[in-house]
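Note that the protein sequences, when read in sequence, are chains A and R.
When we follow this note's numbering, the leftmost residue of the first sequence carries the number 1, and every step to the right adds one.
When we follow this note's numbering, the leftmost residue of the second sequence carries the number 1, and every step to the right adds one.
Keep in mind that the hints are not guaranteed to be accurate.
Not close to chain A: a few residues of chain R, all C-beta gaps over 12 Å, as computed [as the list claims (entries may be wrong)]: (1) Asp4; (2) Phe7; (3) Val17; (4) Ala24; (5) Val26; (6) Ser32; (7) Asp34; (8) Ser39; (9) Met47; (10) Ala48; (11) Phe53; (12) Val55; (13) Ala77.
Label-pair ranges, simulated between beta-carbon atoms [what the hints assert, rightly or not]: (14) A:Gly42 <-> R:Ala5: 33 to 41 Å; (15) A:Glu209 <-> R:Ala5: 54 to 62 Å; (16) A:Thr43 <-> R:Glu58: 22 to 30 Å.
It is worth saying that the hints were derived from the structure and are not from the lab.
We treat Cβ as the ideally placed atom computed from N, Cα and C, and that holds for glycine.
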Amino acid sequence: MAESDTQQIVVVTGASRGIGAACASAFLANGDVVVGLSRSRGTTPTGAEFVTCDLTDPASVEDAFDEVTNRHGRIDVLVANAGITRDQLAIRMSDEDFSTVIDTNLLGTFRCARSALKRMIRQRSGSIIMVSSVGAFMGLPGQANYSASKAGLVGMARALAREVGSRSITVNVLAPGLIATEMTEVLGQERLEAMTTQVPLGRIGQAEEVASAAVFLSSAGARYITGAVLSIDGGLGMGR
Amino acid sequence: MSDDATFEKFRACAVEVLQVSPDAVVLEASFSKDLDADSLDLVELVMALEEAFDVTVEENEIEGVETVGQAYELISAKL
């Protein structure tokens, strides 16, 4: 993390839409340089740079981080947000549906963290924020693969937090609940309404409400926070 | 590059990464016992050496490297 009055170089994966795009916008508004990594530009906010990156390809990830370092010399923040779903009831879920989600969500995030840490360790500073999900703790039907990948991020984040804490690098996890993005849109109106009744705050969340937490965790005010899981779910996942 | 110059360059990396005095970087020095370096320090040193000498060190080659001398041998063998 840089001092609060210094511009940070922020990498956001999956910045082409949803929570990633909102994070990119929030960091831009914070005065930071943002580089979005995704397979295609999509609706990556104007003002954010874009580098093509396929999280399932280790070479693509390392190349993307090389590109960021070549352009800006450092990486201060990584928001590892890119994720996919391949929902299916477990008894009908193929090995491929399971491993594809793990490969992108868990292994892909690991690849990004590994690349970012190589730079952050030399810098002796940095902040990694992994975007998990309320599903990691609650478990949601049809999401054995997704929930597994998101729960996995928590263990991984904590292992990394212990490894690199001595270099003043923090690694934290955000656990968003029901957020208004394409990913929850596909659940359909009925299912969404049913799930919303379970939310103590009685509504779906906005992507900006997750992004603001990401900006906080990378800020000077959050320097003593590492290995933490911050739920942004209107109370949906309370009690984990 | 002569042996002396190579070692000087090696020593400069070690001093920078491990934050130790140049006098402490002798061939017999143990990273963990004498230089207070943990596994992360060693990996960071190897990364710095890779960059400085433009060589590549595979993961398995770092295993068993416990002294400055062993690390120096590893690097100079690649030059």
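Quick rundown of the hints versus the structure:
Non-interface status of Asp4 of chain R relative to chain A is upheld: no Cβ of that chain comes within 12 Å, the nearest being about 27 Å off. Every C-beta of chain A lies more than 12 Å from that of Phe7 of chain R, the closest at about 23 Å, which supports listing it as non-interface. For Val17 of chain R, the condition that its CB be more than 12 Å from all CB atoms of chain A is violated, with the nearest at approximately 9 Å. Against chain A, the non-interface label of Ala24 of chain R holds: every CB pair exceeds 12 Å, the least being about 20 Å.
With 12 Å as the threshold on Cβ separation, the claim that Val26 of chain R sits away from chain A holds: the shortest Cβ distance comes to roughly 25 Å. Every CB of chain A lies more than 12 Å from the CB of Ser32 of chain R, the least distance being 14 Å, so the non-interface label holds. For Asp34 of chain R, the non-interface assignment is confirmed: its Cβ lies about 19 Å from the closest Cβ of chain A, beyond the 12 Å cut-off. Distance check on Ser39 of chain R: its Cβ comes as close as 9 Å (rounded) to a Cβ of chain A, failing to clear the 12 Å threshold; non-interface status is violated.
Interface exclusion of Met47 of chain R from chain A breaks down, the closest Cβ pair being 7 Å apart, not more than 12 Å. Not every CB of chain A lies more than 12 Å from the CB of Ala48 of chain R, the least distance being 8 Å, so the non-interface label is violated. For Phe53 of chain R, the condition that its CB be more than 12 Å from all CB atoms of chain A holds, with the nearest at approximately 16 Å. Against chain A, the non-interface label of Val55 of chain R holds: every CB pair exceeds 12 Å, the least being about 16 Å.
The claim that Ala77 of chain R lies off the interface holds: its Cβ sits roughly 24 Å from the closest Cβ of chain A, which is beyond the 12 Å cut-off. Taken as a hint, the range 33 to 41 Å is violated for the pair Gly42 of chain A and Ala5 of chain R, whose Cβ atoms sit roughly 52 Å apart. The hinted window of 54 to 62 Å between Glu209 of chain A and Ala5 of chain R holds, with their beta carbons roughly 58 Å apart. Against the hinted window of 22 to 30 Å, the Cβ-Cβ separation of Thr43 of chain A and Glu58 of chain R comes to about 41 Å, which falls outside the hint.
When held up to the earlier numbered hints, the structure conflicts with 3, 8, 9, 10, 14 and 16 and fits the remainder.
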